[in-house]
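> As they're listed, the protein sequences go chains D and P.
For the first sequence, this note's numbering assigns the number 1 to the initial residue and increments by one for each residue that follows.
For the second sequence, this note's numbering assigns the number 1001 to the initial residue and increments by one for each residue that follows.
If you're looking for bench data, these hints aren't it; they were derived computationally from the structure.
Ideal Cβ placement from N, Cα and C applies to all residues, glycine included.
Among the hints, a few may not be true.
[As the list claims (entries may be wrong)] Sample of chain D residues lacking proximity to chain P, with all beta carbon distances greater than 12 Å (derived):
1) A21
2) G65
3) G76
4) R127
5) E136
6) D152
7) E166
8) S214
9) S242
10) V265
11) I272
12) S278
13) K314
[Unchecked claim] Pairs of lysine to any residue residues, derived as SDA-like cross-links and limited to a Cα-Cα distance of at most 20 Å, are as follows:
14) P:K1283 x D:R61
15) P:K1283 x D:L62
16) P:K1283 x D:I64
17) P:K1061 x D:G182
18) P:K1283 x D:E189
19) D:K108 x D:I187
20) P:K1283 x D:T67
21) D:K281 x P:Y1530
22) D:K103 x P:F1346
23) D:K103 x P:A1454
24) D:K281 x P:L1242
25) D:K103 x P:L1242
26) P:K1283 x D:G182
27) P:K1283 x D:K281
28) D:K43 x P:E1278
29) P:K1193 x P:R1450
30) P:K1061 x D:E63
31) D:K103 x P:Y1151
32) P:K1061 x D:E189
33) D:K281 x P:A1531
34) D:K43 x P:G1231
35) D:K103 x P:R1450
36) D:K43 x P:L1242
37) P:K1193 x P:A1454
38) P:K1061 x D:V68
39) D:K43 x P:A1531
40) P:K1283 x D:V68
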Amino acid sequence: MNLLLPQASVNAAEVDHLILALLLVSCLVLALVFGLMLRYAVKYRDGSAVNRGAPGQKTWRLEIGWTVATFVIFFGLFLWGADLYFRLFQPPQDALQIYVVGKQWMWKVEHQSGQREINSLHLPTKRAIQLVLTSEDVIHDFSVPAFRIKHDVLPGRYETLWFQVEKAGVYHLFCTQFCGEGHAAMIGEIVAMSPPEYEDWLGQTASGSGAHESMAAAGEALFTRYGCSGCHGKGGVGGKQSGVDAPALAGLYGEKVKLDTGAVVTADDRYIRDCIMSPEKQRVASYPPIMPSFAGQIDEESLLRVIAYIKSLKPTDSQ
Amino acid sequence: MSVTQAPGQISYLSDGYTLRSWLLTTDHKRIALLYFAAITFFFFVGGIGATLVRYNLLSPKGLLGSAETYNRLFSMHGVVMVWFFLIPAVPTTLGNFLVPLMLGARDLAFPRLNLLSWYLFILAGFVALYALVIGGVDTGWTFYTPLTTFYSQGHVVATVVAIFIAGFSSIATGLNFIVSIHKLRAPGMTWYKMPVFLWSLYATSVIMVLATPVLAMTLLLVAFERIFRIGVFDPAIGGDPLLFQHLFWFYSHPAVYIMILPGFGVISEIVPAFSRKELFGYKFVVWASIAIAVIGFLVWGHHMFVAGTSLYSALVFSILSFMVAVPSAIKVFNWLGTMHRGFIRFDAPMLYALGFIGLFTMGGLTGLFVAALAADVHLTQTYFVVAHFHYVMVGGMVSAYFGGLHFWWPKITGRLYPEMWGRVAAIIIFVGFNLTFFPQFILGYLGMPRRYSAYPPDFEALNVLSSGGAAILAIGYLLPLGYLMWSLFYGERAGANPWGATGLEWKSPSPPPTENFLTTPVVTLPPYHYAWAEATANE
């Protein structure tokens, strides 16, 4: 039995410090409560001759005292936990994106260069990783205890989760949101490798059985097959080429987009997904509502590839 | 009712022996016993579920051999324990019995509504048992969508209908208590002369009346989506799965306080009685209950820190969750303050109360771990959370229930339970409980997920330890069933006030007459007016 959980990610040690602090506060309070309880139980047991003295006065001073003390300690713990949580969920800009689709009862992973795996995830150490997570059916949860991270994986939307692995090794991956009969079998392994080894793995996997094209390349074919290029133009250059009043997609990813409601949003994975699946919800300002919804038309993995293709499009000078 | 005897001469137990005299009674004391029978039955049904769960987890592969069977067992354990034991346990048994007696009233405000609430509960119980017998559910007690509304193979609709009906029973009981406490207090019993048990049940009742309808609506929507495919929660048909979690926890977090607040009330009666001393900081304890009831409505989002809600909402729910723990801490300190300079005796009710204070404190402190955002990310959905809420619900609430049951057993039955056995059981429960659930904190920190029918071999040793503790705990819970039954026939007869406790319920004979009091009592003394205060006042 191993009572020490590896601290394999950058944030793991920090989370452990917080848990340790909570443990310390708990032990002190428990020592106080059990200590007083035992002391009083012995000292003031019925029949003991100890002098009980006069009744205590001004109990409210004690009440205010321990209420304020409790409040201050709790507030400190809150700040600590909140600060760390905010950092835990804010990915750095240059994170390597990997796509994960959960379904009853397996994890499907696709790397940008097209390598696919099931119930395992190979990734490089010393590099920020951002997972884009979605589910084909029910809610799952992507949990890696050694990294101290966990996030629900929802059907119908993208959630993201980032981490950076420090130590190469093989770590447990668990589904921690109850998802039906095979919930306990929805486990896998995270294989963290040094960057050169990871490059080797990508190369070997690509040259192995089954030709792997990159996600973006696969997405390009789908972009044509689903008719996207009919309006948005080949290469996503926009309506100028096609004659249809459709916005350009090249260079869109990561930009600020003004919606017809006046709101400004960042064009991230979730935004692009929502535009494809429920376009009526967030229409780009000054464009007519002619985009059809692809909900129910396209499976999650194809959708990820189309989005990978859109993300790969660089703005052209002519735009 | 016999006409030859003067009123007040016959105890409520002797006032008719026919089945009809029980099933059509409107006497709150008899209804409390009807509830007691039902609650005890469900406690052991849920307990069988727990036993099989712990049996399965003795081996990493799962001894039951079937994930589906395991899933249905833990779902059954959760549903039965939450809605058919923990929520109704103290209010409908001890509450029903004691509220009118403590108020100095003849009965609750609406005696027939009280009986109706029992029939609703029984109906709900039969529907739940029906759902169980035809195969049960495989969703957990939390019914997360779209698993529950589309993918589940279990008997979801029958189960949620059972909970829906049980909810109305809760609302009826809550309403009855609120009106009774407002309108039926004996002359002289001002709000601040009420025992804290009544204040706790008042706070509990407010939550029951306000929160239960939200659960009822949510469960109806679940049933509608499952039967008619109306898109409310399932994104495949235009719904939002997080909406379900918001609605569910808007009830189910306050429901935690429905379970624990009556427990606080029981402990606030027992500790002064066995310390021979007034409750320390009475008004602070009272207002702590009210604060818990109010803030308890504003913390539901802490169940969703990793569910995909916004970072800023997580911030608000985290700070509010820390806030709601403050009044609980105040209560613990006040109980210790009550013991200070007391004349402490260690009868079984006090042992349960001391166990409660220790275990509830551990449950509360581990709650801080999961209220702190970054720590919650690692610990939520694991056995850490399982251990945390069992410390509060079982270590806390069930200990309080057993403590209260022993404390008022002489009043309810007119017989004393065997004291030695009472103490032995209290100690066995305390030891068994810690052996069962403490290892689960460590399992959770190491990352073992909840609701796993099989697990990696790394976790085996702690799981075996936990299952071993569960066996001891089971013995602890079976013992009272035996000796309390025994005491009904062979127990020493109790006087009106065997503990020398304060409170109007002890002024009535044991067991009380149907009318409770021969003359309406008049209250002049403050609550918890124990000899300690009198002795020092005479100095």
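> Decide, hint by hint, whether the structure agrees.
Results for each hint:
1. A21: Per Cβ check, A21 of chain D is inside 12 Å of chain P; nearest 9 Å; violated.
2. G65: violated, 9 Å
3. G76: Check fails; 10 Å does not lie beyond 12 Å.
4. R127: Holds, since 21 Å exceeds 12 Å.
5. E136: Violated: least Cβ distance 10 Å, not greater than 12 Å.
6. D152: violated, 5 Å
7. E166: Label holds. Min Cβ-Cβ 16 Å, cutoff 12 Å.
8. S214: holds, 28 Å
9. S242: Its Cβ never comes within 12 Å of chain P, the nearest being 30 Å, so this holds.
10. V265: holds, 14 Å
11. I272: Holds, since 17 Å exceeds 12 Å.
12. S278: At roughly 9 Å from the nearest Cβ of chain P, S278 of chain D sits no farther out than 12 Å, so the non-interface label is violated.
13. K314: Answer for K314 of chain D: holds, closest chain P Cβ roughly 31 Å.
14. P:K1283 x D:R61: holds, 13 Å
15. P:K1283 x D:L62: holds, 13 Å
16. P:K1283 x D:I64: holds, 12 Å
17. P:K1061 x D:G182: Judged against 20 Å, a Cα distance of about 13 Å means the pair holds.
18. P:K1283 x D:E189: Roughly 55 Å separates the two Cα atoms, so the pair is violated.
19. D:K108 x D:I187: Roughly 11 Å separates the two Cα atoms, so the pair holds.
20. P:K1283 x D:T67: holds, 14 Å
21. D:K281 x P:Y1530: violated, 67 Å
22. D:K103 x P:F1346: Measuring from Cα to Cα gives roughly 56 Å; hence the hint is violated.
23. D:K103 x P:A1454: Holds, at roughly 19 Å.
24. D:K281 x P:L1242: With Cα atoms ~18 Å apart, K281 of chain D and L1242 of chain P stay inside 20 Å; holds.
25. D:K103 x P:L1242: Distance of about 18 Å is within 20 Å: holds.
26. P:K1283 x D:G182: The hint is violated at about 52 Å.
27. P:K1283 x D:K281: With a Cα-Cα distance of about 52 Å, the restraint between K1283 of chain P and K281 of chain D is violated, given a limit of 20 Å.
28. D:K43 x P:E1278: holds, 18 Å
29. P:K1193 x P:R1450: violated, 45 Å
30. P:K1061 x D:E63: violated, 51 Å
31. D:K103 x P:Y1151: holds, 12 Å
32. P:K1061 x D:E189: holds, 18 Å
33. D:K281 x P:A1531: Between K281 of chain D and A1531 of chain P the Cα gap is close to 71 Å, so the pair fails against 20 Å, i.e. violated.
34. D:K43 x P:G1231: violated, 64 Å
35. D:K103 x P:R1450: Holds - the C-alpha atoms of R1450 of chain P and K103 of chain D are around 19 Å apart, at most 20 Å.
36. D:K43 x P:L1242: Violated, at roughly 53 Å.
37. P:K1193 x P:A1454: violated, 54 Å
38. P:K1061 x D:V68: violated, 49 Å
39. D:K43 x P:A1531: Between K43 of chain D and A1531 of chain P the Cα gap is close to 19 Å, so the pair holds against 20 Å.
40. P:K1283 x D:V68: holds, 17 Å
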